[in-house]
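*Asks:* The residues making up each chain are set out below.
Number of protein chains: 6
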Amino acid sequence: MTNIPPLPQIVIEPMVRRALEEDFGTAGDLTANLLVPETATATLYFKSRGTGVVSGLQAAILTFALVDPDVHFETFYPDGSRVRKGTIIASVEGPMRALLMAERTALNFMGRMSGIATLTAKFVAKVAPHDVRIAATRKTTPGLRALEKRAVLHGGGHTHRGSLSDAIMVKDNHIALAGGVDKAVRAVMAGADHMAKVSVEVDTVTQFKKVLKHRPDVILLDNMSLDALRECVALNKSKTTLEASGGVNMRTVANIAATGVDVISIGALTHSVMNFDIGLDAG
Amino acid sequence: MTNIPPLPQIVIEPMVRRALEEDFGTAGDLTANLLVPETATATLYFKSRGTGVVSGLQAAILTFALVDPDVHFETFYPDGSRVRKGTIIASVEGPMRALLMAERTALNFMGRMSGIATLTAKFVAKVAPHDVRIAATRKTTPGLRALEKRAVLHGGGHTHRGSLSDAIMVKDNHIALAGGVDKAVRAVMAGADHMAKVSVEVDTVTQFKKVLKHRPDVILLDNMSLDALRECVALNKSKTTLEASGGVNMRTVANIAATGVDVISIGALTHSVMNFDIGLDAG
Amino acid sequence: MTNIPPLPQIVIEPMVRRALEEDFGTAGDLTANLLVPETATATLYFKSRGTGVVSGLQAAILTFALVDPDVHFETFYPDGSRVRKGTIIASVEGPMRALLMAERTALNFMGRMSGIATLTAKFVAKVAPHDVRIAATRKTTPGLRALEKRAVLHGGGHTHRGSLSDAIMVKDNHIALAGGVDKAVRAVMAGADHMAKVSVEVDTVTQFKKVLKHRPDVILLDNMSLDALRECVALNKSKTTLEASGGVNMRTVANIAATGVDVISIGALTHSVMNFDIGLDAG
Amino acid sequence: MTNIPPLPQIVIEPMVRRALEEDFGTAGDLTANLLVPETATATLYFKSRGTGVVSGLQAAILTFALVDPDVHFETFYPDGSRVRKGTIIASVEGPMRALLMAERTALNFMGRMSGIATLTAKFVAKVAPHDVRIAATRKTTPGLRALEKRAVLHGGGHTHRGSLSDAIMVKDNHIALAGGVDKAVRAVMAGADHMAKVSVEVDTVTQFKKVLKHRPDVILLDNMSLDALRECVALNKSKTTLEASGGVNMRTVANIAATGVDVISIGALTHSVMNFDIGLDAG
Amino acid sequence: MTNIPPLPQIVIEPMVRRALEEDFGTAGDLTANLLVPETATATLYFKSRGTGVVSGLQAAILTFALVDPDVHFETFYPDGSRVRKGTIIASVEGPMRALLMAERTALNFMGRMSGIATLTAKFVAKVAPHDVRIAATRKTTPGLRALEKRAVLHGGGHTHRGSLSDAIMVKDNHIALAGGVDKAVRAVMAGADHMAKVSVEVDTVTQFKKVLKHRPDVILLDNMSLDALRECVALNKSKTTLEASGGVNMRTVANIAATGVDVISIGALTHSVMNFDIGLDAG
Amino acid sequence: MTNIPPLPQIVIEPMVRRALEEDFGTAGDLTANLLVPETATATLYFKSRGTGVVSGLQAAILTFALVDPDVHFETFYPDGSRVRKGTIIASVEGPMRALLMAERTALNFMGRMSGIATLTAKFVAKVAPHDVRIAATRKTTPGLRALEKRAVLHGGGHTHRGSLSDAIMVKDNHIALAGGVDKAVRAVMAGADHMAKVSVEVDTVTQFKKVLKHRPDVILLDNMSLDALRECVALNKSKTTLEASGGVNMRTVANIAATGVDVISIGALTHSVMNFDIGLDAG
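These protein sequence lines map, in sequence, to chains Z, H, V, Y, A and W. All residue numbers for the first sequence refer to the working numbering, where the first residue is 129 and numbers rise by one. All residue numbers for the second sequence refer to the working numbering, where the first residue is 129 and numbers rise by one. All residue numbers for the third sequence refer to the working numbering, where the first residue is 129 and numbers rise by one. All residue numbers for the fourth sequence refer to the working numbering, where the first residue is 129 and numbers rise by one. All residue numbers for the fifth sequence refer to the working numbering, where the first residue is 129 and numbers rise by one. All residue numbers for the sixth sequence refer to the working numbering, where the first residue is 129 and numbers rise by one.
These aren't lab readings, by the way, just hints derived from the structure by calculation. Quick caveat, the model's predicted, so the values are computed rather than measured. Any given hint could turn out to be false.
Just so you know, same-sequence chains aren't split out, so a pair can sit in one copy or run between any two.
[What the hints assert, rightly or not] Distance condition first, Cα-Cα at most 20 Å in a straight line; then the derived EDC-like pairs of lysine to aspartate or glutamate:
#1 250 - 405
#2 299 - 409
#3 175 - 221
#4 254 - 331
#5 367 - 259
#6 175 - 300
#7 299 - 405
#8 337 - 221
#9 311 - 331
#10 337 - 300
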């Protein structure tokens, strides 16, 4: 999926500034200061060193722009593109000092975000035969949630709640505090803002039945067996969305999808990610 | 290694604030607002769900403190401790609303940082028979470098350059711009601040010999064969530190260590990390 | 309604800091510097000068705490309380300099937020006989949305979308761009994240019928006559929430409520607010 | 009055950034993301829906510029202009996504600031026959003082103290602490920086006489009857400026002006403001 | 003069945080990390190494508090105190790591601010026989104005304008643009806010006479001879304050004071300052 | 030395923004608001009023750019240039309001930084016959370290540690805590990161001998007599750099240089600086 709009720049600019600040300290790039002439320029190429999905280009573009507005960044494969080993994803042309100073930070963004997009795309491919969505969770890297959720979109996944303030998710703790499932769900359905969805987590079919009566927007089926998932799907005659989570990995995801749930949410999409290897080379 | 001092709080506070801000939006925790009574309190336990090394506790402590100073955080296994499945690492006691609002952010910090410490410790264990250090690189998550470098320390590794402003690393690009190895290294040795170390990257033994004559503080042997590494080690009669990098993984690291290099630096320590699973449970 | 949890302090602290910074300039309080002895202390009382609903106390408390942690703030009528002329809402006791320096900023927060809560409560009272909610919009004062939405809660209203990122609202512009109501609503229902509600705005009964077929979570009936509103209510057999907006004021709100809509949203709750007069007096 | 210089952009940029950040959350505009093609462009017009004075355009311009520098903003009636229902104040032309994402924030600034300018202009018109100034106070919305004071200028009013650090205002609290009017005023006149004006508040003619002897720059006549105001004016033979405050509204302001005071300061100019209705329409 | 109130902490906290951030980088204090045991504590003493006036203690106190709230700071000679070589100004007691990490930053604040206070006190002493004030200018170190102006107060001087937004100063550029002294001064006297003082700069007696007719609050006599200053003083029968500036140094200041001007403003108080040497010693 | 690269703009932009914010308050430039027509433009020239070395131009350029991007700044003598009285260093051309609003802040940066560069150059000139470096310390103005260290480079000096996180310096406190020189130095040499230099401070020849055995990268000879310095130089047969500090001034520096030490570090370079006088004139 390549048709995801960029994030508002105002959202990612602080992330990029922080990254550059922590890399520049009080003296900038000591090495470039000594060795790179002011007039040296170059064109360098972002080359994929594996097969996957690109993400993080927007942050990379901003990284170079903040280091030196004279750098020209050209994108050949925008965020969300599938690339293979050797694909030239983008190029940067401009003062060599700026290119060297921005390189590591830009690659750190791209490597992580492309890693997320690529991992997401693998899960999505595994469930392709089924009418099911792969979704991220709030298990994102602190401070980078907007970019990481966007990377999940680039990989073909969905974003789920953006924050605690976006939607309501009732978990076992809440149920215990409220005095039982019925009380909890009733309280939430009555009190929830009309623009906020309500999701309730269950881990048995018995609980599921209790909750389903209240017709929440979503029921989260946590760590349930394939049989139990199937039973819940069969019981659901309403518009309620069924979301499975827990124990999802490359081996289990297709079977979970086959149960008929609507959404499978996976923390690993953003919390256990292999860097996608991209080089910045001279040609 | 459990004797690593904490970071200055002033360095990590902005990281924690940002993480909470992105999770709270404009309304805080919609679910807790509706379901958790103001007076509810609880004691919850951070329980390890695997075997590894703890890191990120300092950020977790600050997370709870910023959400509610009335939360009492008790640490049983401080950052740098080895834990196994089921170990109670720490506890939090206080208002239930605060506990639920801080939980995800605290675990996001701990999961990632403990993942880094655990991965580092595995590499360190692999090279235990040898007198060699495992070191991180600048391939860190944008905005979290201080915490991630500290996590590498917790795992028994070393930190390497903190930023472009800390030390000098001459790479092929610089050498080309300077007109050859000799010119580049001479320029750097002459111009470098007396408190900044100089490292020069080479990828052949021939280059190594050229560079060694200048006695830089460090020579980085990039992507060289085991034979070549051994040859460099044999040639080095000086105080120059030899650092190997490139192609390092769990299968290769011991052999690289056996060549006699002083340091092995590994980007994956911070850029390709599995979350270390920690739960926050009622007892 | 007095049982609204406070906002996370981390959300309002930047608002309070900015307010104090703009009031302190580079010299602090010139007058107190010259006239108030360091040792002078006092107890002052927040006294209501009208009948209404209190809000903004949380910000006021933080204002004094940030000016001087030695100020003791005691709350008698918490946010959400109804007060009348002469009610002592709270007291502050501590160094006179701090009290005088924080006074104006604290009152600016309380006057505006209590004004919002009071206005909301008036609308809520007008529709009391009906099963309908009064809701705010995104027409909030730039930079103060979290506090103003909370003030609406204190007045008995509801918050609506917190941001563009919380839920989906399809308006006429979107429909035109998408090539008609059907296409727009279909695209949104297919693409919307499973945790995000979908609202579609219509301004005629004809449009309403088209949209209703898609069963969005909410249909916003904009600037429609009472007859048209009633017709929409009659047509709605689904779970779809009907929200009326446009031309809502103290004279019209009860009639609109009587049509049977579920929600009435009112920009004026936050954009056209009379300050609620509170004094800070010596006794 | 249309000849008021803009504020330094550096002063208002943080206000605009905060407003956009709170409206964008972690995902930006969910609706535009789904429905607005990247290539869609439009020209939209800011149209006045009432009679009043424009203010806040500078913030609106910056809002669009920060969302997308490719938006072209054209101003037909600059800040300070009188407009009537239907007047086209300005236009924006550019990518539709950017226009929709910035719209609400820009209008929130313009609606509030134009509301202040319009209210100020009404007070100014009421006192037109008299040689008197209408001035704002420090009762401004926290975080927006610079913009709100500027809006008062746009409406033909004056700004008064910008902060506690700008000038000295001695009130009853200070007088009590200093041991009486004479002591307080003497201390202040002796200690005040030579570039800071001194104002002393009185609420009786007797106090006024005591204070006048010290020839402060300004005497603030708080909540005094028209007769008392006239008496003060008659007694004043010096350069001392007389400022009336308290109980000022549309019905009383002309009579207060007729007493001959130099300045009338009104908290309501900034704390009790009706939004000035401006639409952003397609043509 | 020792009775100057402290600045609001909110004003200086950002200055202290920035100073610590730039000194801590991403790893904190490498040396203390390696050598100082967590349990080591100490008491250290701020000892004056010269004769002068203390300033900057407030920033120093906050520096230690931000590094570690467990440090106990005790002040023996508060800001504004005269000290001599060997005077123990204050002590800090607490964890050795914190003491070492905060030491340099705290001393940097104290050294510079005490330098300013000491220099000011020397000028003040030179003019002691005369009824004249020594005042600072806006020639302060970027980002530290509030602290530096306070240091001038500690030294017995006065602060002058805090910012361009505090008061009006008409200089030759403005006069040229306005079409002559009369036009400029008339425009300013008519337009100036009633709470803002007006100062007009002149450099000849002829100009002085022209300006004096308008009775501005202050006339700034720039770079005028002693004779010319005396002539201006003789001509001034009004409340207008006369301020001399330009060419003021330790040798000239007493003669300038003897002319009878009211204020002498000196940029050097804040822009050309010798560090006041203070050590942090073990006993 | 004129060939010093500029700092990354991202590093100095916050410094410039803060400086402008503290100078603009809530109203900007009151005087320019009243007297300078929007359409007035001018060309002004930065003219040196003394002999010295220019620094701070990069901050000055950014100051004008942030106030108004329409100002055109032209540099004739870049940072690091030697200028004499009357030299035109640079020009600014653009709207008069912007020029006047930025003038003081730009000159505050240039005056201080050129003062540092000029002072450094004087020390460098004094030691010209010797093969020795003049270096700064961490005794910099809080918040401006990056700019001040760069100014030292412009003056021909060297920067030394940028922060506590850059390199290791063992002082007497550390040695005492570690239980003696040998233990301290051994611990540090063993634990120091391989990219961090180690410096050890001594103040007697006896200590020097003990430390030299460990071959640290640098030995800091603090406050030692010329004879002692010479003895240390004679004893040093290794690559260890010898740095002298303490009691360095214009009269002593050449003799210290003559002892043969490699580096002389001087706190006064950044903590006791006379402003370098630069005017901004009409032609």
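*Asks:* Let me make sure I understand: some of the numbered hints might not hold for this structure. Which ones are they, in numerical order?
*Replies:* 4 and 8
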